[in-house]
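Protein chains in written order, with our numbering: chain V, 1 to 217; chain Z, 1 to 163.
It should be emphasised that the hints constitute simulated quantities derived from the structure, not laboratory data. Some hints could be false.
Now the in silico label distances, taken between C-beta atoms and shown as ranges [said to hold, decoys possible]:
hint: 1; chain 1: Z; residue 1: D100; chain 2: V; residue 2: T157; range: 46 to 54 Å
hint: 2; chain 1: Z; residue 1: D9; chain 2: V; residue 2: R15; range: 19 to 27 Å
hint: 3; chain 1: V; residue 1: Q158; chain 2: Z; residue 2: N55; range: 17 to 25 Å
hint: 4; chain 1: V; residue 1: V92; chain 2: Z; residue 2: I53; range: 39 to 47 Å
hint: 5; chain 1: Z; residue 1: Y151; chain 2: V; residue 2: A156; range: 36 to 44 Å
hint: 6; chain 1: V; residue 1: A32; chain 2: Z; residue 2: Y151; range: 37 to 45 Å
hint: 7; chain 1: V; residue 1: Y183; chain 2: Z; residue 2: H115; range: 33 to 41 Å
Pulled from the structure, derived: some chain V residues nowhere near chain Z, Cβ distances all over 10 Å [to be verified]:
hint: 8; residue: T157
hint: 9; residue: Q158
hint: 10; residue: K175
hint: 11; residue: R182
hint: 12; residue: Q184
hint: 13; residue: E208
hint: 14; residue: V214
Covered stretches of chain Z (chain V as the covering partner; in silico rule of three or more C-beta atoms under 8 Å from a C-beta of chain V) [stated by the list, open to error]:
hint: 15; stretch: 34-44
hint: 16; stretch: 95-104
hint: 17; stretch: 151-158
For each residue, glycine too, the CB sits at the ideal point set by N, CA and C.
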Amino acid sequence: MNDFTELENDLRALRPARPSPVLFERIEEAMAENYNGVTAKEARWSWRHLIEWSRGNASDMNGQLDRATERERASQTPFRFGIALAAATAAVLLLLARINTDQTRSEGKEIAQVSPASETTQVLPGTQNLSEGRPVRGRSGVEGPTSLNQFIPAGATQVVYSERDEGLQFTDSSKQPLRRLRYQTQQTWQWRNPTTGASLRVSYPSEEVVLIPVSGQ
Amino acid sequence: MDNIASHEDWKSYFSEIGPGLLLFARQWARSAADAEDIVQEAFVKFWRRNHKINNRALLYATVRSIALDFIRRDKRRARREATLFAEADPTIEPQFEWEDEAQSALATAVSSLPHDQREVLVLKIWNELTFSEIAGALGISQNTAASRYRYALANLKKSLQPQ
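Only chain Z is shown next, with the shape it has when bound in the complex (with noise of 0.2 Å):
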């Protein structure tokens, strides 16, 4: 029943995927800290359940679960996220390290697609999943999240093209 993967193994797993599945945990958390833990809860647990290391789908999907239980804890702040995500407030969105003012434009833009579509481009893009693990991740079909992620990125094209 022990993992095949070394506790070295999952040590710098966690090291090369960290950013995007922080990334991903910030689209239901309002500051990065809640992210951080919600990511430390969803990766413990599923290292703890033996867990295959490459069960990608299964990571982000315990990762959106705990994100979700996360909120609802409390119930005063699922109210908040819930008023939070209808507004589309910017504070809760994805954060980038963003060099230039190019950047800074594309981040905005992600920031404000709908949550469906983001959270597929999120998934796709920053942590290259498969249309397959993501549809297993968020528990949609297959046509569902490629239909979502070529959204994502028609609404950002359309976005950043010059008025």
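If we strip away everything but chain V, and leave its shape as in the complex, we get (with noise of 0.2 Å):
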């Protein structure tokens, strides 16, 4: 069945090169720094990673290895805030923009559309279309993805970079004890305009605390 097995054998035969002994005492050395926390290149390190990551540029294996619990990554809390508010500012900026966009568009269609009285129904709220059993559209009148500036909703992760278990707790509601757990995530929201190919990325870092019952035997 498999007429490669003389070819395999050879191919094990041939050995890699070994590591340098440097190599060794290197990882040694590094893993005995790192046992009581972060190094300072570490630190570089992570500092770099998230620049490239906010920038969709690192490559995690689509986040598989951020999934893990990393507890150091908390001290990085400060730099990962601050890159949020930014992102958080540009977005809002955006937003508003957008809005203040798609009101002037929206008076001038109502400028444009004065003599007929069936376009102008098109601008009302979608209850008073209803009720003149009329097909309900926007309330700008504007088909949603025709308009240049119509931004959909193209992705979202959220990365659990820290995981504490703060232990049981009672609470007066309830009669079980509860085991608390407190998640430190990065958040991010991505959405894209299909027309311009303009696509809008809000990271964010958030904070969970989940409650989970449990029962004695």
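Can you join these two chains into the complex? Each is in its own frame, and there are hints to help.
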């Protein structure tokens, strides 16, 4: 069935070059250094990687590495918060700009549609259209997908970078003890404009506390 | 949250898998020194994040990820690597400790394989990963991993046949 057995054996007989002894020493040293915390080098790496990640360049295999527990990244929270704040500010400005543009367009539409009554009803809220038995359209009278400024959701990710078990607790409302878990996450939302190809990404850190009922035997 | 495996377990694990890991990293690195930097960073990162010692697919995925980041750190380097990949320059190919002419020819034939096939071959032969683990490490399906492996062997056989 397998006519490659001999070739596979020949390949296995071919030994890869051994790492230099220095590499073993370096790894042992790095493990010792990291045992009690994050080294300055790693902190720099995380910072650089975070920037790349925020640009969408990081190659963490679709985030599978980042989904793992990373207690030490908690020390990076101030940096993350700064970037997230900047991104959120940019997003708000973009959204405000979009709202202004929509309003301008809506006003223009109303002016242009003064004479035909049937067209004027399109700018009325959907409930009024429903009462008249007409199909419901957007408040601005402009179909969503054809709008130049229409951003559609393109993805959302939530990376848990820290998980902390804060132990059992008892609350007044629950007869059972509850296990309190605190998750620190980085949430990223993406929107895309299919017309222009522009994309918008907002990242922000978040913290979530989950209470899980614990039943005793 | 501590690793179940002890410090000594990790060290002996690395001495066992080190050569294969380095060979895998050599596919992206121009020099052995660069590959060793990648392996060091990946292995320590893997250990620091409390991953299980037997999660080999994730370890190799980490090496690959860091190797790609390593290339991106310097755009000039990235361009150079891209050019080298395109031209299949043998200087970036994996290195072996060959003992005779037959092994030398085999090493050369491995070096001339397409990158995606060689990647699977290196993981399968010299790192002894299963197709499932290879699929996990490279982000491909098991069937793709298996077919790339078969293509690699077929190509090797073809190139080693006397003209």
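How the hints compare with the structure:
Between Z:D100 and V:T157 the beta carbons are some 52 Å apart, a value that agrees with the proposed interval 46 to 54 Å. About 24 Å separates the C-beta atoms of Z:D9 and V:R15, a value consistent with the hinted range of 19 to 27 Å. Between V:Q158 and Z:N55 the beta carbons are some 22 Å apart, a value that agrees with the proposed interval 17 to 25 Å. For V:V92 paired with Z:I53, a C-beta distance near 46 Å keeps the hint of 39 to 47 Å intact.
Range check, Z:Y151 to V:A156: about 37 Å between beta-carbon atoms, so the 36 to 44 Å window is met. V:A32 and Z:Y151 have their C-beta atoms about 43 Å apart, which keeps the hinted 37 to 45 Å range intact. Look at V:Y183 against Z:H115: about 39 Å separates their beta carbons, and that is inside 33 to 41 Å. With a least beta-carbon separation of about 16 Å from chain Z, V:T157 lies farther than 10 Å from that chain, consistent with its non-interface assignment.
For V:Q158, the condition that its CB be more than 10 Å from all CB atoms of chain Z holds, with the nearest at approximately 18 Å. With a least CB separation of 30 Å from chain Z, V:K175 remains clear of the 10 Å interface cut-off, as annotated. No beta-carbon of chain Z comes within 10 Å of the beta-carbon of V:R182; the shortest separation is about 14 Å. The claim that V:Q184 lies off the interface holds: its Cβ sits roughly 14 Å from the closest Cβ of chain Z, which is beyond the 10 Å cut-off.
Against the 10 Å criterion, V:E208 stays outside the reach of chain Z, whose nearest CB is about 19 Å from its own CB. Residue-level check passed: V:V214 sits 19 Å from the nearest beta carbon of chain Z, beyond 10 Å. Coverage of the stretch 34-44 of chain Z by chain V holds. Counting CB-CB distances below 8 Å, 6 residues qualify, and the rule asks for three or more. By the rule of at least three residues with a Cβ nearer than 8 Å to a Cβ of chain V, the coverage given for the stretch 95-104 of chain Z holds, with 6 such residues.
Using a Cβ-Cβ cut-off of 8 Å, 4 residues of the stretch 151-158 of chain Z lie near chain V, which meets the minimum of three, so the contact claim holds.
Of the numbered hints given earlier, the model fails none.
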